[in-house]
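Given chain A's structure and the hints, the job is docking chain B onto it.
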Amino acid sequence: MILEGKVWRYGDNIDTDVIIPARYLNTSDPQELAAHCMEDIDASFAANVRQGDIMVAGKNFGCGSSREHAPIAIQASGIACIIADSFARIFYRNAINIGLPIIELGKDAERIGSGDSVRVDLQAGIISNKTSGEEFKIQPLPGFIRDIAQAGGLINYVRGGKA
Amino acid sequence: MAMTMTEKILARGAGLDSVTPGQLIKCRLDLVLANDITGPPAIQEFAKIGRPVFDPAKIALVPDHFTPNKDIKSAEMAKAVREFAARHGIVNYFEVGRMGIEHVLLPEVGLVAPGEIIIGADSHTCTYGALGAFATGVGSTDLAAAMATGETWFKVPSGIKVNLRGKPPRWVGGKDIILTLIGMIGVDGARYQSLEFAGEGVAALTMADRLTIANMAIEAGGKNGIFPVDEVTLKYLEGRVERPFTVVTADDDAVYEREIEIDLSALTPVVALPHLPENVKAVNTLPEITIDQVVIGSCTNGRIEDLAQAAEVFAHGGVHPRVRAIIIPGTQQVYLEAMQRGYIETFIKAGAVVSTPTCGPCLGGYMGILAAGERAVSTTNRNFRGRMGHVDSEVYLAGPAVAAASAICGRIASPEEVLA
Numbered sequence: 050m051i052l053e054g055k056v057w058r059y060g061d062n063i064d065t066d067v068i069i070p071a072r073y074l075n076t077s078d079p080q081e082l083a084a085h086c087m088e089d090i091d092a093s094f095a096a097n098v099r100q101g102d103i104m105v106a107g108k109n110f111g112c113g114s115s116r117e118h119a120p121i122a123i124q125a126s127g128i129a130c131i132i133a134d135s136f137a138r139i140f141y142r143n144a145i146n147i148g149l150p151i152i153e154l155g156k157d158a159e160r161i162g163s164g165d166s167v168r169v170d171l172q173a174g175i176i177s178n179k180t181s182g183e184e185f186k187i188q189p190l191p192g193f194i195r196d197i198a199q200a201g202g203l204i205n206y207v208r209g210g211k212a
Numbered sequence: 009m010a011m012t013m014t015e016k017i018l019a020r021g022a023g024l025d026s027v028t029p030g031q032l033i034k035c036r037l038d039l040v041l042a043n044d045i046t047g048p049p050a051i052q053e054f055a056k057i058g059r060p061v062f063d064p065a066k067i068a069l070v071p072d073h074f075t076p077n078k079d080i081k082s083a084e085m086a087k088a089v090r091e092f093a094a095r096h097g098i099v100n101y102f103e104v105g106r107m108g109i110e111h112v113l114l115p116e117v118g119l120v121a122p123g124e125i126i127i128g129a130d131s132h133t134c135t136y137g138a139l140g141a142f143a144t145g146v147g148s149t150d151l152a153a154a155m156a157t158g159e160t161w162f163k164v165p166s167g168i169k170v171n172l173r174g175k176p177p178r179w180v181g182g183k184d185i186i187l188t189l190i191g192m193i194g195v196d197g198a199r200y201q202s203l204e205f206a207g208e209g210v211a212a213l214t215m216a217d218r219l220t221i222a223n224m225a226i227e228a229g230g231k232n233g234i235f236p237v238d239e240v241t242l243k244y245l246e247g248r249v250e251r252p253f254t255v256v257t258a259d260d261d262a263v264y265e266r267e268i269e270i271d272l273s274a275l276t277p278v279v280a281l282p283h284l285p286e287n288v289k290a291v292n293t294l295p296e297i298t299i300d301q302v303v304i305g306s307c308t309n310g311r312i313e314d315l316a317q318a319a320e321v322f323a324h325g326g327v328h329p330r331v332r333a334i335i336i337p338g339t340q341q342v343y344l345e346a347m348q349r350g351y352i353e354t355f356i357k358a359g360a361v362v363s364t365p366t367c368g369p370c371l372g373g374y375m376g377i378l379a380a381g382e383r384a385v386s387t388t389n390r391n392f393r394g395r396m397g398h399v400d401s402e403v404y405l406a407g408p409a410v411a412a413a414s415a416i417c418g419r420i421a422s423p424e425e426v427l428a
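So the sequence lines, in the order shown, correspond to chains A and B. Residues 50 to 212, numbered by the working numbering, are exactly what the first sequence covers, in order. Residues 9 to 428, numbered by the working numbering, are exactly what the second sequence covers, in order.
Excised from the complex, chain A in its bound form:
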């Protein structure tokens, strides 16, 4: 799968309360959640994000609450993939489980800036920053985490009789 889009860049320790504030958790409807995604740190995001855009962040992205509403909101907003230096573990699981591509890139995540045009080739394991001309290698997912991702998420994986 090849993903290509404009980058929305955020910093370290982006918590699930700013990804989707709890005042909106009285629904789990993806579109309703997407309408408020990131609004407490970036009021321009929800209105301007386009289908296929890519979110890039620093360390510990998705820390805090276990709310799956956070990756659901990001996915429903149109974001095709999240690249970060590192992810909080529950967010990481949740993204894999709902079939949202997620890439732990380490320090190189710093080399992708806001508004950059980025191309992600998940099969080949290559991220190309078309704005800067740099390329980064993606570490392959291990074992059955890869199987879950390839099934498009955990429910498909379980229905396929793998668990």
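Don't read these hints as lab results, they were simulated from the structure. Nothing here was measured: the structure is a model prediction, and the numbers come from that model. Keep in mind that a hint or two might mislead.
[Claimed, not checked] Below 35 angstroms or equal to it, Euclidean Cα-Cα: the simulated DSBU-like pairs (lysine-lysine) are: (1) 169/B - 156/A; (2) 357/B - 156/A; (3) 163/B - 186/A; (4) 81/B - 156/A; (5) 169/B - 289/B; (6) 163/B - 34/B; (7) 55/A - 56/B; (8) 169/B - 34/B; (9) 175/B - 289/B; (10) 357/B - 289/B; (11) 156/A - 163/B; (12) 55/A - 163/B; (13) 169/B - 186/A; (14) 179/A - 156/A; (15) 55/A - 186/A; (16) 81/B - 56/B; (17) 34/B - 186/A.
Same frame as chain A, now just chain B:
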């Protein structure tokens, strides 16, 4: 080979002789938990799998976040959980009137025992490590799959050993200990790792202290926090847990990625300043910080010991005229006991309001939302931007003694100032 407590419990759950950090395993589960926010998406995903629940006695459903229902949408979510529980014969469904804040409630009613493996669709599920269980938070889809299969996958975490020694001074509790640790290692200092508490200092900690400490392992990014099982644990389990359980101990030569020493006797009451739990400062080093609201409660500090500490402070002074003090017993049992011991009367006479058990204000749900520019001292667990209300409000995390003293003084204050 030598293993940590976490490794031993996970190896047993996976049916393996041993496991090593980084290994991917599938484990059988002793209990899976959801609440009124994470339950409805889990129920939707569960329906897609098309299987019955793996064991109706090993699923706990606790509507606690937005209950008693705060609005129509929340009422619909609570209803979805209630109907699912009835349809699948879920044994441990807790209705308003019997429910409490999930992580205060489940240990209290004996649903957690040493050596067990528990996942919950709530990040503070790690609380149960206080009882020597392996417990960690997951999302709704993980929970849906677990309700169907009775198992889940884990990456075995590497361990951080936290050696505790000495005894905490009078006004230092579990909250001060865990905030101090998070201040030392940062909000991602234990990311993907296990925080294993050890050392002679553990014996000086009450079960409430340990539950508070394990509860906030997630605030350091930890997968779990776990305490050894000792006499304090076994006494707590008496009359609560009838089923057999396995006490697991770490091997003396277990390998940890890192070791941290904390001298409990050297600690002082602390506060985590906005907007991260790692911004930890000693109360007595702070400038004057005036406040508008105090919340005492939550899965972190809503136990009877927490209310006892607050009541002790409120017996020496009333709530400052500028401050709203909101006290939330963690469960109906905690509420009842607080009433029998006279704490509720102390709180009301001091000018505080006492609420039914709910997570409400901790996550900015209801029952104490902050307006723009307002500041709260809260015994809850997160002070992220906008966590308790308006994006321009501020949350200062503290233990119940500091929270009560701050309510009286109208600014962040140490209990010694009130009781002096």
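Hint check:
1. Proximity of residue 169/B to residue 156/A is assessed by CA-CA distance (about 27 angstroms); at most 35 angstroms being required, the pair is judged to hold.
2. Distance hint between residue 357/B and residue 156/A is unfulfilled; the C-alpha atoms sit about 55 angstroms from each other, more than 35 angstroms.
3. Between residue 163/B and residue 186/A the alpha-carbon distance is near 23 angstroms, which keeps this suggested pair within the 35 angstroms criterion.
4. This hinted pair does not check out: residue 81/B and residue 156/A have alpha carbons roughly 42 angstroms apart, beyond 35 angstroms.
5. Among the hinted pairs, residue 169/B with residue 289/B is consistent with the structure: their alpha-carbon atoms are about 23 angstroms apart, no more than 35 angstroms.
6. Restraint check: the Cα-Cα separation between residue 163/B and residue 34/B comes to about 9 angstroms, which is no more than 35 angstroms; the hinted pair holds.
7. For the suggested pair residue 55/A and residue 56/B, the alpha carbons sit about 34 angstroms apart, so the restraint of at most 35 angstroms is met.
8. Only pairs whose Cα atoms come within 35 angstroms are accepted, and residue 169/B paired with residue 34/B is accepted, the gap being roughly 24 angstroms.
9. Between residue 175/B and residue 289/B the CA atoms are separated by roughly 20 angstroms; this keeps the pair inside 35 angstroms, and the hint holds.
10. Distance hint between residue 357/B and residue 289/B is fulfilled; the C-alpha atoms sit about 31 angstroms from each other, no more than 35 angstroms.
11. Annotation: proposed proximity of residue 156/A to residue 163/B holds, straight-line Cα distance about 22 angstroms (limit 35 angstroms).
12. Between residue 55/A and residue 163/B the CA atoms are separated by roughly 32 angstroms; this keeps the pair inside 35 angstroms, and the hint holds.
13. Taking the CA atoms of residue 169/B and residue 186/A, the gap is about 34 angstroms. The hint holds against a cut of 35 angstroms.
14. Annotation: proposed proximity of residue 179/A to residue 156/A holds, straight-line Cα distance about 18 angstroms (limit 35 angstroms).
15. Annotation: proposed proximity of residue 55/A to residue 186/A holds, straight-line Cα distance about 19 angstroms (limit 35 angstroms).
16. A hinted pair counts as satisfied when its Cα atoms are at most 35 angstroms apart, and residue 81/B with residue 56/B qualifies at roughly 23 angstroms.
17. Annotation: proposed proximity of residue 34/B to residue 186/A holds, straight-line Cα distance about 29 angstroms (limit 35 angstroms).
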